[in-house]
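Trainee: Sequence:
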Amino acid sequence: MPAAEKPPAPTDLRAFIEALRPDALSRGVSPRTFAAAFSGVTTADPDVLARTRRQGEFARPVWEYLVGAVSPGRIARGQAQAARLAPTLAAIEARFGVPRWIVLAFWGVESDFGASAGTVPTVRALATLAQAGFRGTLFRDELLAALAILERGDIAPSGMKGSWAGAMGQVQFLPSSFLAHAVDFDGDGHRDIWGSQADALASIANYLKSLGWNPALSWGYAVTLPPGFDLTAYRADLSDFARRGVRRTDNAPLPSSGNASLFLPGGLGGPVFLITDNFEVVRAYNTSDSYALAVGHLADRLAGGPSLVAPWPSDAARLDKGGLQALQTGLSARKLYAGEADGRAGPKLREAVRRYQIEQGLPADGYATPALLEHLKHRP
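Our numbering puts the first residue of the sequence shown at 1, with every later residue one more than the last.
Only true hints are included.
Here are the simulated DSS-like pairs of lysine-lysine, each with C-alpha atoms no more than 27 Å apart in a straight line:
| # | residue 1 | residue 2 |
| --- | --- | --- |
| 1 | 335 | 348 |
| 2 | 321 | 348 |
| 3 | 377 | 335 |
If you're looking for bench data, these hints aren't it; they were derived computationally from the structure.
Working from the sequences, and respecting the hints, build out all of it.
Mentor: Structure representation (structure tokens):
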């Protein structure tokens, strides 16, 4: 019986770190800070490298994501935090113009209200990703930003922890986002998104304000469509949707003004939403449709709103990554899709699917399905 193969030796980071030193020092990082940041960091983190290679065949459907992100337990924990932190949340809302429920929802989805902020040392994780060239120069730039944070003294190297991809603290900011948006709300002289709930919550609100959050609008509304509704007119003013018979599922009236668009993340067989420009603000924080919907719906539930009424099409066939890539390629050939064929569903693919559906006289729900791919394959 042949001997078991030895595992590969851990990737040595020391040469990479030394090559980084001149750039870091030229940006104002002191030799002392640089040495402290990389103390004990000599090899790449194998767990981080393993995470870069994990790619599932199926993207997690939105309804499965919502089960965990907007669970009864999370709603209860969030409402308890809302009561406990009411004065702080009121002050943050007054200063930044972002509703407390949205801020709490981000906090809940990102770190379960601080309980799951991540334990991976940020500097080693970023050095691992940067040395591997994962996503080009992104993580090298983020590593330099992390060193700038340490130089400013907001956190010690031992306390700078987060996810495998370098997202830090209770709000899961990348270092560059921290430098741009983190806030010292409790006034202790440190922007502490790891240990200070006030700083974490205010930093979320400040980030959303900078992204263009409109205090006059919600993120969106769960709605019902009247029979025979024309899905081709899927962008309009909220008042126009109301005039055409669109109704909120909670029976409250739609606002009298504000741009909105229809969003059917499970197709016509699932819940229907009207999303506003604030939904795009949430997506700017994290580009996943599932994430944005989870934040919005969790915010509504924390504020006492109802659960979704319409069921999800959980038993329907779904496209795997290869199927989505084939759909993207086919739509691109028809000059309907201009993005990369990366096998990921998102706004660009949704828009391309809608355009194809309108072109072919199909219900324009923007939802990518195996049936739609087959339809596309059999069209010249």
